[in-house]
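Its first residue numbered 0, the sequence shown is counted upward by one per residue in numbering that gives the first Met the number 0.
Hints may be right or wrong, so weigh each one.
Unchecked claim - List of simulated lysine-lysine pairs, BS3-like, C-alpha gap at most 25 Å:
| id | residue 1 | residue 2 |
| --- | --- | --- |
| 1 | K96 | K308 |
| 2 | K123 | K162 |
| 3 | K70 | K162 |
| 4 | K152 | K123 |
| 5 | K70 | K96 |
| 6 | K96 | K123 |
| 7 | K96 | K152 |
| 8 | K70 | K152 |
Because the hints were derived from the structure by calculation, they are not lab data.
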Amino acid sequence: MKNPRFTILAAFILLALAIPLANARSLADNRGNENSKNTPGAVYIMTNDSTGNQVIRYDRANDGSLTFSGKFSTGGLGATGLTGSNQGGIVLSNEGKTLLVVNAGSNDISIFQIQGNLLSLTDKSSSNGIMPISLTIHNQLVYVLNSGGANGKGNIAGYTLDKEGELSPITGSTQPLSGTTAPAQISFNPQGTILAVTEKSTSLIDTYTVNTHGVASAPTTHTSSGSTPFGFAFNNRGALIVSEAAGGPSGTSAVSSYSVSTSGDLTTASASVPDNQQAACWVVVTGNGKYAYTTNAHSGSISSYTIDKNGEIHLLQSIAANTGAGDIDMALTRNSGYLYVSIISSHSIQGYKVHDDGSLSWVTTITGVPAGADGLAAD
Numbered sequence: 000m001k002n003p004r005f006t007i008l009a010a011f012i013l014l015a016l017a018i019p020l021a022n023a024r025s026l027a028d029n030r031g032n033e034n035s036k037n038t039p040g041a042v043y044i045m046t047n048d049s050t051g052n053q054v055i056r057y058d059r060a061n062d063g064s065l066t067f068s069g070k071f072s073t074g075g076l077g078a079t080g081l082t083g084s085n086q087g088g089i090v091l092s093n094e095g096k097t098l099l100v101v102n103a104g105s106n107d108i109s110i111f112q113i114q115g116n117l118l119s120l121t122d123k124s125s126s127n128g129i130m131p132i133s134l135t136i137h138n139q140l141v142y143v144l145n146s147g148g149a150n151g152k153g154n155i156a157g158y159t160l161d162k163e164g165e166l167s168p169i170t171g172s173t174q175p176l177s178g179t180t181a182p183a184q185i186s187f188n189p190q191g192t193i194l195a196v197t198e199k200s201t202s203l204i205d206t207y208t209v210n211t212h213g214v215a216s217a218p219t220t221h222t223s224s225g226s227t228p229f230g231f232a233f234n235n236r237g238a239l240i241v242s243e244a245a246g247g248p249s250g251t252s253a254v255s256s257y258s259v260s261t262s263g264d265l266t267t268a269s270a271s272v273p274d275n276q277q278a279a280c281w282v283v284v285t286g287n288g289k290y291a292y293t294t295n296a297h298s299g300s301i302s303s304y305t306i307d308k309n310g311e312i313h314l315l316q317s318i319a320a321n322t323g324a325g326d327i328d329m330a331l332t333r334n335s336g337y338l339y340v341s342i343i344s345s346h347s348i349q350g351y352k353v354h355d356d357g358s359l360s361w362v363t364t365i366t367g368v369p370a371g372a373d374g375l376a377a378d
């Protein structure tokens, strides 16, 4: 006859084991189906006004629709000619509580802390260069890309961001680009150990290693697979996905992917996979690392790609969405449930639902975005 105490004890042990296993399974299911968790959030864009830069906030509902919420002064100046030339001019911190914005006309960076639907300006710091155009953040490390303005001698510079929302420059972090380059974007890899910068005019990609003190190395330059590398994003496995505007000629745009070593060396995984559109410039990658999207500014379309486990990409849809000409900056919400696109020709922002198969369906358009607006961030 079985001991009843043993039977009860065994039952409790099995139950204790089952609960964490069930939770782990539920967690894995949610991670694999990020789009099922659509919660309210916000979308941000900057006016880039040369007489006084502002951030515009739009509240985002569960269904992806947007409602104007407010404008907030950065305390700095925008710059004529910035719009349509960069990616990452406005970024959210990893936890979505801090917003960072470039002021290309006054050579500084503004920091806001997000409190409900309000933004509180906590710092405005020199970009340690001329004409800041792109920002990236990893935990408390921030780097800015300065284009160099008229002289074209750009650089990158690093900072730490404290809990009060204030920046402190990192000694020794300022590094040059390869030369007069017309850079487009800077970004950390997922681990925060590598920085990448695209150079449009030279068709080069620069990489920098970042040490444990947050100091970037001198650049290592790599020839892009195709001409005019522009926007890019890393997926969760560290693959680097880069658009190639190819100077804008019709039907010549493409996207390439690279693996990145710990020393910053690039190895081509997929070379210049065409999207059969014109002027592929801005790139985003879903949080699960499976899909990449690029806006084609001259074609007025969004193209989609799949990304496999080896970092190789394959064209999913040449035209995943028709936006109208002038689609530039893109941003995905934190759970990749919605994709937002800035359209300069119609002064609007369009929103799309991202489905589990990577397809897009339109959900909203909000008009009245100021001419010359730049950057896009979503939460």
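How the hints compare with the structure:
With a C-alpha separation of about 31 Å, the suggested pairing of K96 with K308 is violated against the 25 Å cut-off. Distance restraint check for K123 and K162: the Cα-Cα separation of roughly 15 Å lies within the 25 Å cut-off, and the hinted pair is therefore satisfied. A hinted pair counts as satisfied when its Cα atoms are at most 25 Å apart, and K70 with K162 qualifies at roughly 24 Å. For the hint linking K152 to K123, the alpha-carbon distance of about 23 Å falls within 25 Å, and the restraint holds.
Pair hint K70 plus K96 holds up; C-alpha atoms about 17 Å apart against a cutoff of 25 Å. Note on K96 and K123: the hinted pairing holds, with a Cα-Cα distance of about 17 Å set against a maximum of 25 Å. The hinted pair formed by K96 and K152 fails the criterion: a straight-line CA distance of about 33 Å is larger than 25 Å. A hinted pair counts as satisfied when its Cα atoms are at most 25 Å apart, and K70 with K152 does not qualify at roughly 33 Å.
In summary, the structure is inconsistent with hints 1, 7 and 8 from the numbered list given earlier, while agreeing with the others.
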